[in-house]
Amino acid sequence: MISDLFSLTVLLGIISSGIRLATPYLFASIGEAFSQRSGVLNLGVEGQMILGAFTAFYVVMNTENLLLGVLAAMGVGALMGLAMGFVSITLQAQQGISGIGFYLFGLGMSNLLFQLLVGTVETVSGFPKVPLPILSDIPVIGKLFFDHNILVYLAFLLVPIASFVLNKTNLGLKIRSVGENPEAADSLGVSVSKVRYFTTIFGGAMSGLSGASLSIALLNVFQLGMTAGQGFIAVALVYFGAWRPWGVLAGALLFSLVNGLQLWIQVLGINIPSEFAVMMPYILTIFVLTLSRSKYGAPSALTKPFEREG
Amino acid sequence: MKSRLNAILDALLPLLATIAALLVGAIMLIILDVNPIVAYSALLNGAFGSSNALAETLVKATPLLLVGLGICIAYRGNVINIGGEGQMIVGAIVATWFGLRYTNMPGWLMITLAMLLGALAGAVWGGIPGVLKAYFNVNEILSTVMMNAIAVQLLNFVLTGPMIDPIQSEKASQIPQTARLEEAYRLPRLVPTRLHLGALIAVGLAILVYFLLWRTTLGYRIRSVGQNKFASRYAGIKVERYVIIALMLSGALAGLAGVTQVYGVNFRMITDGSTSGFTGRAGYNGIVAALFGSLHPILTIPASILFGALLVGANTMQRVTQVPSALITALNGLVVVFVVSSEIWRKKRQQKRLTVAIEDQVFDEFSNEIPGHSVEEAS
Chain H
3 MISDLFSLTV LLGIISSGIR LATPYLFASI GEAFSQRSGV LNLGVEGQMI
53 LGAFTAFYVV MNTENLLLGV LAAMGVGALM GLAMGFVSIT LQAQQGISGI
103 GFYLFGLGMS NLLFQLLVGT VETVSGFPKV PLPILSDIPV IGKLFFDHNI
153 LVYLAFLLVP IASFVLNKTN LGLKIRSVGE NPEAADSLGV SVSKVRYFTT
203 IFGGAMSGLS GASLSIALLN VFQLGMTAGQ GFIAVALVYF GAWRPWGVLA
253 GALLFSLVNG LQLWIQVLGI NIPSEFAVMM PYILTIFVLT LSRSKYGAPS
303 ALTKPFEREG
Chain V
7 MKSRLNAILD ALLPLLATIA ALLVGAIMLI ILDVNPIVAY SALLNGAFGS
57 SNALAETLVK ATPLLLVGLG ICIAYRGNVI NIGGEGQMIV GAIVATWFGL
107 RYTNMPGWLM ITLAMLLGAL AGAVWGGIPG VLKAYFNVNE ILSTVMMNAI
157 AVQLLNFVLT GPMIDPIQSE KASQIPQTAR LEEAYRLPRL VPTRLHLGAL
207 IAVGLAILVY FLLWRTTLGY RIRSVGQNKF ASRYAGIKVE RYVIIALMLS
257 GALAGLAGVT QVYGVNFRMI TDGSTSGFTG RAGYNGIVAA LFGSLHPILT
307 IPASILFGAL LVGANTMQRV TQVPSALITA LNGLVVVFVV SSEIWRKKRQ
357 QKRLTVAIED QVFDEFSNEI PGHSVEEAS
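In order, the protein sequences belong to chains H and V.
In our numbering, each residue carries its 1-based index in the first sequence increased by 2.
In our numbering, each residue carries its 1-based index in the second sequence increased by 6.
Hint data in this document are derived by calculation from the structure and do not stem from the laboratory.
Just so it is clear, the structure is predicted and the values come from calculations on it, not from any experiment.
Glycine included, each C-beta is placed from N, C-alpha and C at the ideal position.
Incorrect hints may have been included.
So the derived label-pair ranges between C-beta atoms look like this [claimed, not checked]:
1. L29(V) to L286(H): 40 to 50 angstroms
2. T222(V) to N183(H): 47 to 57 angstroms
3. L173(H) to N272(V): 49 to 59 angstroms
4. R247(V) to L175(H): 51 to 61 angstroms
5. G271(H) to P198(V): 45 to 55 angstroms
6. A32(V) to L190(H): 39 to 49 angstroms
7. L146(H) to G242(V): 27 to 37 angstroms
8. L173(H) to L29(V): 32 to 42 angstroms
Think about it this way: if two alpha-carbon atoms lie no more than 30 angstroms apart in a straight line, the pair counts; the simulated DSS-like pairs of lysine-lysine are [to be verified]:
9. K196(H) to K306(H)
10. K353(V) to K306(H)
11. K196(H) to K244(V)
12. K196(H) to K354(V)
13. K235(V) to K306(H)
14. K306(H) to K177(V)
15. K354(V) to K306(H)
16. K145(H) to K176(H)
17. K244(V) to K358(V)
18. K354(V) to K177(V)
19. K306(H) to K244(V)
20. K145(H) to K353(V)
21. K131(H) to K306(H)
22. K145(H) to K170(H)
23. K353(V) to K196(H)
24. K131(H) to K145(H)
25. K176(H) to K244(V)
26. K353(V) to K177(V)
27. K306(H) to K170(H)
Computed from the model, here is a short list of chain V residues facing chain H with C-beta under 8 angstroms [what the hints assert, rightly or not]:
28. V144
29. G286
30. Y290
31. G339
Turn these sequences into a full structure, and let the hints guide you.
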């Protein structure tokens, strides 16, 4: 029944799952926002995510050490970020297409390694829920916002930190200037390539963490192709959020709330084919990308390799 | 003489990039304790070892070539079409629906109509991101990826609901597939293997796309918009229109690729429910093939055969050495990365040649306008 959707329990359920589902998008999109602000479009997020998801899963399966799993996933993501950086900064390759290459590479590698090292579907015990003391006791809101696993809190905490770093610190200024006007930044003594390497490696690490949040916090399994396009959506959310961490948060929440709604529509057995429910977030993304003609444009030097004159 | 040497070097770059990727693969195989020579010769044997193997390779190459041709057109117009997967799916859905709906037509008529309809559906699916890019400034990479996800859901919906094989819908298994097309509607086979007429059509279209791009006004305008949209607008070309046309043509060819999979290979639509269940990732691998063929329609023919061979051979390799065929997906990714990375040497040599030839400002402005577009015209 459609009216079931509007009962309080269901609404709370939608919001709660929306918050959880936003986690992987937040990590990946904020990492991507940093690299795009510095002028590098990393389309390989999906590949970094899935390889990170596998790495975290495999490490946790063998060591049962969650922190180690997270760090390993971030390390693998950072390595792929480094490779992406080398290809697009030093070798000045076309970023849209090299990203697809990294996507295929990550997909193939995770698939290969899974078949060789694991083989069957196995679950791990991932990050447990950590109800925050006092806050989680607040009626209604407490359960919604303060009863999640630690990666969820971390993802949401990342938003103000990222916004602060980008807008209020020297590092942020360098990142923005390199993305807007690399020639001017260069003439002021900022190393364009060093800054861009930093952001692509950071972005890769965040994508790896995003993958880890899927395989050892949200779902606690690894499946072939489990990221299912979420890395590409994370890139879209950066455009959606007009390259700003708070905008990215809004986009991630909107997207994951629609996703949560979609899950509940299926749970309640409302008479819409599930495929159309799954389609909704994608249609919404296209729709919003079409309408969001924000006053902030893309970083001027996005996808443009930098080369000193002469 | 020197420029000829340069041209040869340029043409060899993708080959060198592939060899580099295969070397990385060899190292991975050694780590896995598999003799790379054994693995690669199994791959080669699986792809070219018999007339059946060769036919399979060409069957696999056909959708790659069709998608790749679309990539060539789009790329020349400076749009990147990642939507081949979705365009293949909708093309196939429409063509399959038509073939199942209208029976007892002459085979040639049905095949022609199905191909036209499939291409049209692909063009619409590609045209939407085109319109969004041209008039709403929506990044086409993102919108085509979203359109892929939507098409996959559409596919899962029609194959489990409205278009499911009536036999399957009564069974408990409910395999997501349509009924079979009638015998007369199948693309004729060329030799007694699975090789079908679609392969020849794809080659014919490669030649057609070459003429379109370099011998017609439409092609000239697409390329002109791709090289410098400001200069093109100044010259009176309606830039928006050609962005949309480039994506529509690209989508039409991918839609056709979907039709050939139904009318030439399986004679029904079938999926395993995964995102690449119907396409076998041809929408992505076609991009790889086109890149490998230097985004030139004619060179994309051998490139598609090579990647078709890798895909077919990967299965044999898996049987012989137990190494999952996913290795080849990873190596395909590396080929893309290496090919786009190797562009810098081509660019550097070109720059040297040009600065020697014309030491004036025109070039400076021109090269600033088209970053990453060093792919030279073939004519």
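Results of checking the hints against the structure:
1. L29(V) to L286(H): 40 to 50 angstroms: Holds: the Cβ-Cβ distance is about 44 angstroms, inside 40 to 50 angstroms.
2. T222(V) to N183(H): 47 to 57 angstroms: 40 angstroms, violated
3. L173(H) to N272(V): 49 to 59 angstroms: 55 angstroms, holds
4. R247(V) to L175(H): 51 to 61 angstroms: With Cβ atoms ~41 angstroms apart, the hint is violated.
5. G271(H) to P198(V): 45 to 55 angstroms: 51 angstroms Cβ-Cβ, so the 45 to 55 angstroms window holds.
6. A32(V) to L190(H): 39 to 49 angstroms: About 46 angstroms separates the Cβ atoms of A32(V) and L190(H), which means 39 to 49 angstroms holds.
7. L146(H) to G242(V): 27 to 37 angstroms: Violated - the Cβ-Cβ distance for L146(H) and G242(V), about 58 angstroms, lies outside 27 to 37 angstroms.
8. L173(H) to L29(V): 32 to 42 angstroms: 38 angstroms, holds
9. K196(H) to K306(H): Between K196(H) and K306(H) the Cα gap is close to 15 angstroms, so the pair holds against 30 angstroms.
10. K353(V) to K306(H): 15 angstroms, holds
11. K196(H) to K244(V): 40 angstroms, violated
12. K196(H) to K354(V): Holds. K196(H) to K354(V) sits at ~22 angstroms (cutoff 30 angstroms).
13. K235(V) to K306(H): 16 angstroms, holds
14. K306(H) to K177(V): The hint is violated at about 56 angstroms.
15. K354(V) to K306(H): 16 angstroms, holds
16. K145(H) to K176(H): 40 angstroms, violated
17. K244(V) to K358(V): 34 angstroms, violated
18. K354(V) to K177(V): 62 angstroms, violated
19. K306(H) to K244(V): 25 angstroms, holds
20. K145(H) to K353(V): Violated, at about 58 angstroms.
21. K131(H) to K306(H): 43 angstroms, violated
22. K145(H) to K170(H): 33 angstroms, violated
23. K353(V) to K196(H): 23 angstroms, holds
24. K131(H) to K145(H): 11 angstroms, holds
25. K176(H) to K244(V): 38 angstroms, violated
26. K353(V) to K177(V): Distance ~59 angstroms between K353(V) and K177(V) Cα, so the pair is violated.
27. K306(H) to K170(H): 25 angstroms, holds
28. V144: Holds, about 5 angstroms.
29. G286: 13 angstroms, violated
30. Y290: Since chain H brings a Cβ to about 6 angstroms from Y290(V), closer than 8 angstroms, the hint holds.
31. G339: 3 angstroms, holds
This entry does not satisfy hints 2, 4, 7, 11, 14, 16, 17, 18, 20, 21, 22, 25, 26, 29, going by the numbered hints stated previously.
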